[in-house]
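J.: Each chain, letter by letter, is given below.
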Amino acid sequence: MDELLLRSLTPGVLGVLVRRGADFAAAEDAVQDALVEALRVWPHDPPRDPRAWLVTVAWRRFLDATRAEAARRRREDVVDAEPAPGPATGVDDTLQLYFLCAHPSLTPSSAVALTLRAVGGLTTRQIARAYLVPEATMAQRISRAKRAVARVRFDTPGDVATVLRVLYLVFNEGYSGDVDLTAEAIRLTRQLATAIDHPEVAGLLALMLLTSARRAARTAPDGSLVPLAEQDRGRWDTASIAEGVEVLQAALARDQLGEFQAQAAIAALHADARTAEETDWVQIVEWYDELVRVTDSPVVRLNRAVAVGEADGPRAGLAALAELDDALPRYAAVAAHLHERDGDLATAARLYAEAARKAPDLAERDHLTRRAARLNGRRTS
Amino acid sequence: MAKYLLLKHYRGAPAAVNDVRMDQWTPEEISAHFQYMNDFAAKLEQTGEFVDAQALSDGGMWVRFDGEGRPPVTDGPFAETKDLIAGWMVIDVDTEKRAVELAGELSAAPGAGGKPIHEWLEVRPFLTEAPTITE
Chain A
1 MDELLLRSLT PGVLGVLVRR GADFAAAEDA VQDALVEALR VWPHDPPRDP
51 RAWLVTVAWR RFLDATRAEA ARRRREDVVD AEPAPGPATG VDDTLQLYFL
101 CAHPSLTPSS AVALTLRAVG GLTTRQIARA YLVPEATMAQ RISRAKRAVA
151 RVRFDTPGDV ATVLRVLYLV FNEGYSGDVD LTAEAIRLTR QLATAIDHPE
201 VAGLLALMLL TSARRAARTA PDGSLVPLAE QDRGRWDTAS IAEGVEVLQA
251 ALARDQLGEF QAQAAIAALH ADARTAEETD WVQIVEWYDE LVRVTDSPVV
301 RLNRAVAVGE ADGPRAGLAA LAELDDALPR YAAVAAHLHE RDGDLATAAR
351 LYAEAARKAP DLAERDHLTR RAARLNGRRT S
Chain B
382 MAKYLLLKHY RGAPAAVNDV RMDQWTPEEI SAHFQYMNDF AAKLEQTGEF
432 VDAQALSDGG MWVRFDGEGR PPVTDGPFAE TKDLIAGWMV IDVDTEKRAV
482 ELAGELSAAP GAGGKPIHEW LEVRPFLTEA PTITE
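The listed protein sequences correspond, in order, to chains A and B. Per my numbering, the very first residue in the first sequence carries number 1; after that it's consecutive. Per my numbering, the very first residue in the second sequence carries number 382; after that it's consecutive.
Because the hints were derived from the structure by calculation, they are not lab data. None of these values were measured; they are calculated from a predicted model. One should not assume that every hint holds.
[Said to hold, decoys possible] Label pairs and their computed distance ranges (CB to CB): (1) 499/B - 190/A: 49 to 59 Å; (2) 390/B - 190/A: 42 to 52 Å; (3) 157/A - 390/B: 26 to 36 Å; (4) 508/B - 190/A: 41 to 51 Å; (5) 481/B - 329/A: 30 to 40 Å; (6) 135/A - 494/B: 32 to 42 Å; (7) 448/B - 361/A: 33 to 43 Å; (8) 135/A - 390/B: 25 to 35 Å; (9) 274/A - 464/B: 47 to 57 Å; (10) 25/A - 514/B: 27 to 37 Å; (11) 404/B - 4/A: 57 to 67 Å; (12) 476/B - 256/A: 26 to 36 Å; (13) 64/A - 436/B: 36 to 46 Å.
Idealized CB from N, CA, C, for every residue including glycine.
Next up, chain B with everything else stripped away, as it sits in the complex:
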């Protein structure tokens, strides 16, 4: 078993095939999109492969340590960050092939015109715990 992160980008991913911003969709198309995402997560729970799904607000900021006794420095939010994460899903599957298959299915979520978005999702394996047997 291996866990994979399916990462969805607002910006920074290669352009989707059906590349229309959500605010240009009809309300019904938006509803259909979210329904698809919910159904997909529910299906994965049924197959015993679902771990987590979260969506991120596109606000936010950069924060860093600024020295002992000083408050952290903050910067942003930036309107035009190159790469912006929209959200993720974490799955626990038997093979990488299965992770790719599920990411493909998630990328088929309907968008403008009710047609699949074909958006690019980033698929990243988790680092695991060390195996017990090493030699």
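Just chain A, with the same shape it has in the complex:
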């Protein structure tokens, strides 16, 4: 069965329930029940109209739950009859859902979990596996998130920037499990881009497409990280790059630059170079200057120092680095790289080892350790 189709129908179905008067939390539970049911039933009994099937089952679940709740409270005022369907919207509901699930009152992890479930149509179990926490923990995280937004009106306009931060997190910190969160983030951002015309939404979509295009080349068969300069560019996904570039160009043409467009522009310049040597580092530095202007982020300045090192030589890169706080994450790794390019291999080896000790993730730690080991030059006998 087509699980992606099922998931893409989720926000619309949820929107229908909310428009029929269900409160968001109860409607979301009912849709989740319907999804789980669909996963069970559809493989051997596919519905003729999947969306109608989901609406019917979810609405029934909602009524059952409401009745059970009402019975518990010994209340009589239960809505029994199915109301007339509300106005046939879809796109607007979807957009509202994105806003609600990324509401500023939510912590990043809650917003991510709620977005993946209510907008992405993933089951709690899938989300729990993806983030390597017990299912019960994830279920609680989601119900707390729903309680936190319980008083937010469904039709309150939200801030696109908060939605983009959530989607960026899903893309960037996607872990493991049976769901490809990188692909899911792209799907959700693409869906958002059809619901709202916004240059930064397009910018983020372009960034995701251009970055994930390099995915196959990014890891060696043994799982170790392959740095950009050493990747087999023949393995980059050209269709994904072409789409990313197209989306980005349309966004940039609107002349409202934001951080995602600038990041995507840098990714596009890398994608443009057939070999690492052909990379247009001068233009990349210019985009980093834009990015510094837009974000004023120390991490961006750190990455800029790398680009300066390529454009104007390692000494210039080290000079740019000297202006930054050496407590920044990955500072030692950048310093090591620039010293290596400058020919000071002893310093580079020492800094690579230091950077490895401070690395926040396993792949990077192993990569930096290998760099240090290579410069230290012991050979396997």
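Keeping the supplied structure of chain A fixed, place chain B upon it in accordance with the hints.
T.: Structure of chain B alone, referenced to chain A:
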């Protein structure tokens, strides 16, 4: 989100403020201690931050490879190992600040006299998966 290991030591950590061995507590104080730990774990499950909690037996031994075709060498258990892990809790939280806050709360578990133990817990961040975006 980041996962942290809250590591509790039988031995090897700096001395707690209320440093009385558990076998010197009253049975009620022991019950109150375990109740606190269970409640703490249950609370973290409610907040969506709980990953795992395990206690370790203080028996055990050292094991190492001793060459192809030979059984592994074992040694111990040692009565007086300097550092002995008692157990751990794994949490999944938004910030390091939150990890520290929760470790502080766990360290307040009641001990002798029903007073907080103020024991030192080791807080260690997990290494994560590599981020997708690197430049």
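J.: For each hint, tell me whether it holds in the structure or not.
T.: Now the hints, each set against the structure:
Restraint check, residue 499/B to residue 190/A: a C-beta distance of roughly 52 Å satisfies the suggested window 49 to 59 Å. Range check, residue 390/B to residue 190/A: about 50 Å between beta-carbon atoms, so the 42 to 52 Å window is met. Separated by about 52 Å at the C-beta atoms, residue 157/A and residue 390/B break the suggested range of 26 to 36 Å. For the pair residue 508/B and residue 190/A, the beta carbons lie near 31 Å from each other, so the given range of 41 to 51 Å is not met.
A hinted range of 30 to 40 Å for the beta carbons of residue 481/B and residue 329/A is inconsistent with their spacing of about 18 Å. Distance hint for residue 135/A and residue 494/B: a CB-CB separation of about 39 Å, consistent with the stated range 32 to 42 Å. The hinted range of 33 to 43 Å is satisfied by residue 448/B and residue 361/A, whose Cβ atoms lie roughly 35 Å apart. Between residue 135/A and residue 390/B the beta carbon distance is about 30 Å. The supplied range of 25 to 35 Å therefore holds.
Here the CB-CB span from residue 274/A to residue 464/B is close to 54 Å, well matched to the stated 47 to 57 Å. The hinted window of 27 to 37 Å between residue 25/A and residue 514/B holds, with their beta carbons roughly 33 Å apart. Look at residue 404/B against residue 4/A: about 59 Å separates their beta carbons, and that is inside 57 to 67 Å. Here the CB-CB span from residue 476/B to residue 256/A is close to 32 Å, well matched to the stated 26 to 36 Å.
Range check, residue 64/A to residue 436/B: about 41 Å between beta-carbon atoms, so the 36 to 46 Å window is met.
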